[in-house]
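J.: Here is how the chains run, residue by residue.
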Amino acid sequence: MAHPIKLQIQFGGGAELLFDSIKSRTIELPAIDKYFPECQREKWTIKELLVWMKDNLLRERPELFLQGDSVRPGILVLVNDTDWELYDELSYELLEGDTIAFISTLHGG
Amino acid sequence: MPVPCATGCGRNASLKRPKTGDALCKECFFWAFETEIHFTITRGELFNRGDSVAVAASGGKDSTVLAHVLKTLNERYNYGLNLILLSIDEGITGYRDDSLETVMQNSADYVMPLKILSYKDLYGWTMDEIVAQIGRKNNCTFCGVFRRQALDRGAALLNVKCIATGHNADDIAETVLMNVLRGDIARLKRCTAISTGSEGTIPRVKPLKYSYEKEIVMYAHYKKLVYFSTECVFAPNAYRGHARALLKDLEKIRPTCIMDIIYSGETMSVKEEVTLPTQRTCSRCNFVSSQEVCKACVLLEGLNKGLPKLGIGKSSKAKRMLEEYNAKQNDSLQEAISEINDEFKKNNCISKGKVCKSNCKSKENKHSTTDLNTVDANTNSCEQVHSNEVTDDNKETKCCNKKQYCTNKKTNETNESNSKAEKLLAEYGIPESSDKPNSIEETNSSQDKVCEIDVSNSVDNEEFDVDLHTNDEVILKEEDNTCAGACGKVDSLHIGF
Chain A
1 MAHPIKLQIQ FGGGAELLFD SIKSRTIELP AIDKYFPECQ REKWTIKELL VWMKDNLLRE
61 RPELFLQGDS VRPGILVLVN DTDWELYDEL SYELLEGDTI AFISTLHGG
Chain B
1 MPVPCATGCG RNASLKRPKT GDALCKECFF WAFETEIHFT ITRGELFNRG DSVAVAASGG
61 KDSTVLAHVL KTLNERYNYG LNLILLSIDE GITGYRDDSL ETVMQNSADY VMPLKILSYK
121 DLYGWTMDEI VAQIGRKNNC TFCGVFRRQA LDRGAALLNV KCIATGHNAD DIAETVLMNV
181 LRGDIARLKR CTAISTGSEG TIPRVKPLKY SYEKEIVMYA HYKKLVYFST ECVFAPNAYR
241 GHARALLKDL EKIRPTCIMD IIYSGETMSV KEEVTLPTQR TCSRCNFVSS QEVCKACVLL
301 EGLNKGLPKL GIGKSSKAKR MLEEYNAKQN DSLQEAISEI NDEFKKNNCI SKGKVCKSNC
361 KSKENKHSTT DLNTVDANTN SCEQVHSNEV TDDNKETKCC NKKQYCTNKK TNETNESNSK
421 AEKLLAEYGI PESSDKPNSI EETNSSQDKV CEIDVSNSVD NEEFDVDLHT NDEVILKEED
481 NTCAGACGKV DSLHIGF
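So the sequences go chain by chain: A and B. If you read the first sequence in full-length UniProt numbering, its first letter stands for residue 1, the second for the next number, and so on. If you read the second sequence in full-length UniProt numbering, its first letter stands for residue 1, the second for the next number, and so on.
It is possible that some hints are incorrect.
Unchecked claim - Below, computed lysine-lysine pairings styled on BS3-like, alpha-carbon distance capped at 25 Å: (1) B:Lys-252 with A:Lys-47; (2) A:Lys-54 with B:Lys-248; (3) B:Lys-252 with A:Lys-54; (4) B:Lys-248 with A:Lys-23; (5) B:Lys-223 with B:Lys-71; (6) A:Lys-23 with B:Lys-223; (7) A:Lys-23 with B:Lys-224.
To be verified - Computed list of chain A residues with no C-beta within reach of chain B, every gap over 12 Å: (8) Lys-6; (9) Leu-7; (10) Ile-9; (11) Ile-22; (12) Thr-26; (13) Ile-27; (14) Lys-34; (15) Gln-40; (16) Leu-49; (17) Asn-56; (18) Leu-57; (19) Arg-72; (20) Asp-81.
Because the hints were derived from the structure by calculation, they are not lab data. Quick reminder that beta carbons are idealized off the backbone N, C-alpha and C, glycines included.
Could you build all of it, start to finish, from the sequences and the hints given here?
T.: Here you go:
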């Protein structure tokens with residue numbers, strides 16, 4: 001059975017500018033089969049989270065945040081403060097209470 | 001599934017290092033990151049004990065991390081360095097003004113003295129003003145060229161041994177790529193050097209040369225360093241952005257490509273028959289240049305002449321533009337003179353017994369100082385008073401200006417840049433008003449000070465009270481403004497002829 005889950009998402013390094021300049025927010029994802037009726041999986045992964053964010057949070061210029069079905073290269077993703085490259089990246093299965101941070105390296109110098 | 005730290009320290013890994021692929025915990029990552037920079041510093045012999053070092057600080061992630069790491073290493077390995085933060089204020093509203101606050105915060109946090117220099121002080125132009133002239137296409141050329149020199153000047157002021165900049169591995173790889181894309185062999189050859197600077201200039205060093213951007217951001221994040229991350233408001237159109245996007249795409253596929261591009265840049269050799277411009281010093285300002293006159297002087301000259309595109313593109317093009325400009329100036333000069341002469345003959349320009357107010361409120365009175373050879377009444381509000389007794393050769397023009405003031409220090413700097421402009425004029429054969437009594441004061445005008453010059457012309461008996469700051473600021477605009485007052489003629493500026 002799929003359940004709705006609550007997450008903390010954070011933005012930094014300039015990525016927050018694409019999300020109303022809000023650096024941290026709590027979101028609740030509906031049960032995945034409600035949001036993606038086609039989806040076979042029972043659990044949300046970061047891949048679906050990105051789609052959800054695009055639909056619900058991303059206000060402007062999605063190409064500055066997303067590229068293909070992933071984040072734009074140069075945006076770091078941290079799962080509970082750990083590099084997502086250590087956690088299967090897009091396929092990481094989200095758990096209740098996870099904190100996902102998106103930090104841009106592309107801004108300023 | 002938590003991944004254990006590759007060092008075997010027993011903690012869980014926090015990130016995967018792009019350079020090596022190692023999974024490290026925070027503590028081991030800090031250690032590795034800092035130690036690598038320490039090796040970069042010692043191997044490159046970037047500093048000597050007792051040196052004063054200016055850390056070029058923008059408030060961004062790179063310079064913030066640089067300042068933090070240098071402070072840490074200076075204490076840990078007892079470098080004996082005296083570190084000073086040096087910031088350049090380009091005058092970009094909504095970008096630099098905010099980021100400078102971050103630098104001030106860094107200065108307080110790291111207990112490092114801070115020196116801020118502005119483009120306005122150094123060149124008489126803010127980037128906002130330059131962009132208003134040049135548009136958004138080539139503005140980064142101005143900003144980059146000016147910043148380079150501005151840092152040199154700041155470093156000279158601070159009397160430091162070298163300037164440390166926050167260029168990271170990604171930046172350098174990007175620059176290698178850019179120079180390849182542009183066929184700029186001279187820059188390609190030297191852009192990977194860890195320490196640059198020829199004789200007589202203050203060397204630049206890049207302690208973060210081998211540090212990945214990702215690691216810099218992770219370091220700042222884990223150390224909770226405060227940095228400023230708004231994109232420059234003018235940057236989106238810069239060519240560099242494309243090179244950067246390409247590099248990031250490549251890095252995603254194979255992270256070591258960054259180091260590999262740097263390695264390629266370092267080891268690439270240039271064929272002997274390729275002629276490279278020799279590095280020398282600018283004959284105008286004495287800063288390092290590959291040309292007779294450095295780019296900054298040419299760009300500044302273009303701005304001050306209302307030819308903002310002068311420094312963009314080839315120098316042959318610049319020469320042609322200047323020739324055309326000179327020809328045009330001579331024509332309009334002749335025209336203006338004859339016009340004024342006619343006017344005076346008719347004697348109808350003078351409002352008898354009245355105060356003629358010219359509405360020059362919107363800085364419209366633009367006259368290139370260098371060509372019209374008279375003191376400009378380039379003012380925000382300029383009042384032209386014609387007294388009753390005024391005759392053709394006895395006039396009084398008074399201009400009140402918006403008050404600008406500056407410190408003595410600024411005065412020195414601006415004088416420097418003005419003498420530079422003066423030399424440039426000579427270089428390009430632009431008629432320099434030697435026969436006009438007012439011109440010298442004018443060319444020497446300090447851009448940032450309130451200057452009151454009373455020029456008594458024995459023939460014309462004119463008196464001018466001119467704010468030269470405004471003068472320089474507005475040079476670019478049209479030169480054929482007519483007096484908005486009763487006379488309806490070319491304004492007081494031309495009267496000197």
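J.: Okay, which hints does this one fail, numbers in order?
T.: Violated: hints 19, 20.
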